[in-house]
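There are 2 protein chains.
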Amino acid sequence: MHYTSEDISSWDRVLRLKIINSVTGIKPANLIGTVGENGTTNLAVFSSLVHLGSRPALLGLITRPQTDDVGHTLQNITESGDYTINHIHPEFTKQAHYTSAKFKRTVSEFEACGLTEEFIENFKAPFVQESKFKIGMEFVEAIELPNGTKLVIGEVKHLILPDIDLNEGDIDLEQTNSVGISGLNSYYELKKLTQYPFVRLDEVPKF
Amino acid sequence: MHYTSEDISSWDRVLRLKIINSVTGIKPANLIGTVGENGTTNLAVFSSLVHLGSRPALLGLITRPQTDDVGHTLQNITESGDYTINHIHPEFTKQAHYTSAKFKRTVSEFEACGLTEEFIENFKAPFVQESKFKIGMEFVEAIELPNGTKLVIGEVKHLILPDIDLNEGDIDLEQTNSVGISGLNSYYELKKLTQYPFVRLDEVPKF
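Read top to bottom, the protein sequences are chains A and B. Quick note: the first sequence, position 134, residue 134 per my numbering, numbers continuous. Quick note: the second sequence, position 90, residue 90 per my numbering, numbers continuous.
Extracted from the complex, chain A is given alone in its bound form (with noise of 0.2 Å):
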């Protein structure tokens, strides 16, 4: 099947929304924890996050125009200036799914989801208990884009991994039992395949 631009703006706005966001292939599922400062803890389910760069380790998240009433995220993030990322594991992926429902401001996802939060030292934002792989990050900055969403770079200030091999940093995401999605609402689960070594230019076998 091949459709051109004219065919995709002929498809109605839903077709089109599920369509569009399915065709990068499988994304990471991610719960992104913040404060505000009303206090209330919030969590978004995000699909866009995107590792940025090492050295420093910067990673980006891509979020929606904000309005008043929904998408409370980048407001506590440039409001706290701390955020957390929680990947989501198959246990709870539908409580995960439900924060993505429109809840107003003075409600806490957490709760209204049925999950845990949890706090360390020094940082304000709220890790998801019941993840296994979280990360702490600090806000660096937010880009804006043309077509109004902003790329929201931070930077990360902690890593807690579940005791696992670290295998010389191959990190096994079916041994984390972290999940994907693809599209708006579908989760995939990861069955590794393979893997193959750094490659340098005298090691590339005929083809």
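Worth double-checking, as some hints may not be accurate.
[Stated by the list, open to error] Estimated spans, in silico, between C-beta atoms of each pair:
no.	chain 1	residue 1	chain 2	residue 2	range
1	B	Arg105	A	Arg105	16 to 26 Å
2	B	Glu203	A	Asp202	30 to 40 Å
3	B	Glu111	A	Lys191	29 to 39 Å
4	B	Glu138	A	Glu144	15 to 25 Å
5	A	Lys104	B	Asn38	55 to 65 Å
6	A	Lys191	B	Arg200	38 to 48 Å
7	B	Ile120	A	Asp163	30 to 40 Å
8	B	Glu138	A	Val14	43 to 53 Å
9	A	Val107	B	Ile120	46 to 56 Å
[As the list claims (entries may be wrong)] Heads up, simulated DSS-like pairs for lysine-lysine below, C-alpha to C-alpha not over 27 Å straight-line:
no.	chain 1	residue 1	chain 2	residue 2
10	A	Lys192	B	Lys192
11	B	Lys132	A	Lys94
12	A	Lys191	A	Lys150
13	B	Lys132	A	Lys206
14	B	Lys206	A	Lys102
15	A	Lys94	B	Lys192
16	B	Lys150	B	Lys191
17	B	Lys124	B	Lys102
Derived from the structure by calculation, the hints contain no laboratory data. Quantities reported herein were computed from a predicted structural model and do not represent experimental measurements. Quick reminder that beta carbons are idealized off the backbone N, C-alpha and C, glycines included.
Place chain B on chain A using the hints.
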């Protein structure tokens, strides 16, 4: 295990590179196809593709700082104005991975790595024939990020999909046999766990 930013700074370059490349969770596995002004095609594995918006249909890609020797993808994209995104399948993860070797600009990774170029009318960049899920992109803008990487923004112009049930837009990435990447060199297949409805506030169950 709890690692702080001090621990992370103390890790050697390769360990830090591998771990920080893994912490976001699963990443989409795509081959980016381009062609330079010199006529040589280029193919490179990328795991940093991210959805930016559906109307217009925009996707982003993080590219590392380029040198004269390596990293011709962004140069080719800005020269020709277009590029392709091709999902990687289990049958050719090895070929895909070896495109990460630092080939000279006069060498096409298609030929060096045993993959097949495919062209469509009025579109310069090469698709990967072996991929069943392909996107033709038009370059929009490259935004420089604080660490010297760039966010390359493009608009979806062609979608070439397998003959699957679009299922109201919920594309099943297990059915399309798309794979994911962890870190720099581990490949995963996907097993669909579950799918939830779009969440309306009055439909959130009690947790």
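How the hints compare with the structure:
1. B/Arg105 with A/Arg105: 16 to 26 Å: 52 Å, violated
2. B/Glu203 with A/Asp202: 30 to 40 Å: 58 Å, violated
3. B/Glu111 with A/Lys191: 29 to 39 Å: 31 Å, holds
4. B/Glu138 with A/Glu144: 15 to 25 Å: Because 21 Å falls inside the window, the suggested range holds.
5. A/Lys104 with B/Asn38: 55 to 65 Å: 57 Å, holds
6. A/Lys191 with B/Arg200: 38 to 48 Å: Violated: the Cβ-Cβ distance is about 33 Å, outside 38 to 48 Å.
7. B/Ile120 with A/Asp163: 30 to 40 Å: 50 Å, violated
8. B/Glu138 with A/Val14: 43 to 53 Å: About 24 Å separates the Cβ atoms of B/Glu138 and A/Val14, which means 43 to 53 Å is violated.
9. A/Val107 with B/Ile120: 46 to 56 Å: This hint holds: roughly 49 Å between Cβ atoms.
10. A/Lys192 with B/Lys192: It holds: about 14 Å lies between the C-alpha atoms, which stays within 27 Å.
11. B/Lys132 with A/Lys94: Judged against 27 Å, a Cα distance of about 31 Å means the pair is violated.
12. A/Lys191 with A/Lys150: 32 Å, violated
13. B/Lys132 with A/Lys206: 24 Å, holds
14. B/Lys206 with A/Lys102: 15 Å, holds
15. A/Lys94 with B/Lys192: At roughly 14 Å apart (the allowed maximum being 27 Å), B/Lys192 and A/Lys94 satisfy the hint.
16. B/Lys150 with B/Lys191: 32 Å, violated
17. B/Lys124 with B/Lys102: 23 Å, holds
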